[in-house]
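*Asks:* Listed here are the chains, written in short residue letters.
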Amino acid sequence: MYYAIAIGILIILIVLYTISTFNKIKHAAVNVDEAFGGIETYVEERFDMLTKVISTAKEESKREMDLVTKVTNMRSAFSQANSVNEKVEAGMQIEAAMPSLMATMENYPDPKFNDAFRKTQQAIIAIEDKLSAARRNYNSNVAIYNKRIVAFPALIIASIFGFKEMKMFEATTHKRKDIDIDSMWA
Amino acid sequence: MLSEQTPKIKKNAYGLELFAKEKTEFITFYEEHLQKELELLEVDRKKFMKGFILRIIAAPFLLLFIYFVFRDVTIFMILAAPLAITGWIGLYWMRYKEKLEAKAKKLIIPKLVQFMNPHFTYEPNGSLTLDDVNKMHIFKQKADFGVGDDLIKGYVYDEEEDAKTYLSFSEMIVRNDRKIHQKGKVIEKPLGMLAAGLLFKVEFNKDFGRSFTMIKPRWLLKKRKYRKKLKQFDKHHAMQEVLLENPEFMKKFIVHSTDQIEARVILQTDTMENILEFVNYVSDTIEGKPKKRKKERFIPYFSFYNNQVYVLIHTRSNHFILNIMKELNIDTVYDYFKDINVVLRFIDDLNLNLKLYIK
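Line by line, the protein sequences are chains A and B.
Mind the numbering: the first sequence is residues 7 to 192 in my numbering, read in order.
Mind the numbering: the second sequence is residues 18 to 376 in my numbering, read in order.
Don't read these hints as lab results, they were simulated from the structure.
Keep in mind that the hints are not guaranteed to be accurate.
Not everything, but these chain A residues come out facing chain B in the computed CB check (under 8 Å) [stated by the list, open to error]: (1) Lys30; (2) Gly43; (3) Gly44; (4) Ala103; (5) Asp135; (6) Ala140; (7) Asn143; (8) Ser146; (9) Lys173.
FRET-style restraints, in silico, Cβ to Cβ [unchecked claim]: (10) A:Lys58 to B:Asp287: 29 to 35 Å; (11) A:Ser106 to B:Arg241: 52 to 58 Å; (12) A:Val156 to B:Asp179: 50 to 56 Å.
Cβ atoms here follow ideal geometry from the backbone N, Cα and C, with glycine treated the same way.
Chain A with its partners taken away, still in its complex shape (with noise of 0.2 Å):
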């Protein structure tokens, strides 16, 4: 009788620390998830101001070409990626493609677009910091729930439901290296 009534406790126990368990788990992936929202919408933002930047160029140029495809590319890219960590990986392959595509458009021969360039210029460096910011965001979430879901005894419970470790946005040395902070700044 104490035996059943010990092991009925132990279940109930059980059964309180994994549902409470798990609604920690899934908060902190919903934060994930939201923390991600905000860095699509400037993602979003910031390709929609390069799109109309180069839709000012005049001519028809290979190198105008080259630009739509390559802004049009990142973008369907990023768009087409199913889950948090395919987008994550295609928002790193972004940020390590924007500097040359900036200097591309920096040096573009085409005065008004040069013209249009700079008047967007500070709004584009206004959106990558807050898509930085976002950035940062996304990661102390992420850090926060892969904390949660790799610590004792919890991720027994996140590998019963599933739960899977998020990847986080990393600085890629190809940004360190290209950017140009005098030609940002001209």
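Based on these hints, arrange chain B on the given structure of chain A.
*Replies:* Relative to chain A, chain B alone:
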């Protein structure tokens, strides 16, 4: 008019103009523009102190004399005589101290303010307002009593960047004295003294929308004395804790914001480093001796709101005040200098003269 010579523009590693002044610059300014006048004022102070000491020495003799002359007249004299003599000395002290203080302030501060930056103006009786303190939303209850003086306002102008950064600061003492009643019962006791020190308001260099971000020292939350005065935020509140990447910053400060992303736009890696540098800086004396500072004597609060940064530094001391018992010399002016320089250093440390993007 201060020196006509154009001062050499100092710049930081990013090529931005530095507005805070060096000790050597201050010493040169003091020797050229203040030393002689301060020496004359010191003569006045010594004269005043001499008169004061003479009165102290004369007091017991005067008392004995009064007792001797009026010993048979009335017993009332036994009580009245010491009071009258104390009043006589007190009146002398009050009258001349105020005069001397006003004279010293009038002599030192306007010149010093001009030296610190030609675009600054000084209002001895002006101050920032209670509203400015309450806009920071730090304390559990609003400040309902505030006094302040020595308002300095104006802007710093970086010619190369073509950027004007407006600022204003003053000394402030703020209290919460009003009890909160409900149905005739007191439901909240007043918090008493909230802060006494320096308050400054500076334009921030980035647009952070309508968000509100607040930074306060983390150690305050561990002490009941301070904790009970601070606004607390539960998990349902719009203000949520922001966890940042810099462990040293996180150890020192607790950050709350209505917007996690905007808070990170404000607190970028270098900004966190710069705030740490700003609060860790301890000024030295004019002889170069490092000063020790108790953490209760420098409690900084930061609020970022409406494209302004509000900084309240609770120092528990009266700034821009003259200690009449001490000799008037370069040290006296150096204390004033440090109080003004703290704001300029904040602008330099946070690169506030770099307008990253316009709202």
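*Asks:* Each hint should be assessed against the structure and marked as holding or not.
*Replies:* To see whether the hints hold, each was checked on the structure:
{"no.": "1", "hint": "Lys30", "verdict": "13 Å, violated"}
{"no.": "2", "hint": "Gly43", "verdict": "11 Å, violated"}
{"no.": "3", "hint": "Gly44", "verdict": "5 Å, holds"}
{"no.": "4", "hint": "Ala103", "verdict": "23 Å, violated"}
{"no.": "5", "hint": "Asp135", "verdict": "6 Å, holds"}
{"no.": "6", "hint": "Ala140", "verdict": "5 Å, holds"}
{"no.": "7", "hint": "Asn143", "verdict": "5 Å, holds"}
{"no.": "8", "hint": "Ser146", "verdict": "5 Å, holds"}
{"no.": "9", "hint": "Lys173", "verdict": "17 Å, violated"}
{"no.": "10", "hint": "A:Lys58 to B:Asp287: 29 to 35 Å", "verdict": "30 Å, holds"}
{"no.": "11", "hint": "A:Ser106 to B:Arg241: 52 to 58 Å", "verdict": "57 Å, holds"}
{"no.": "12", "hint": "A:Val156 to B:Asp179: 50 to 56 Å", "verdict": "51 Å, holds"}
In the structure shown, a violation is registered for the earlier hints numbered 1, 2, 4, 9, in ascending order.
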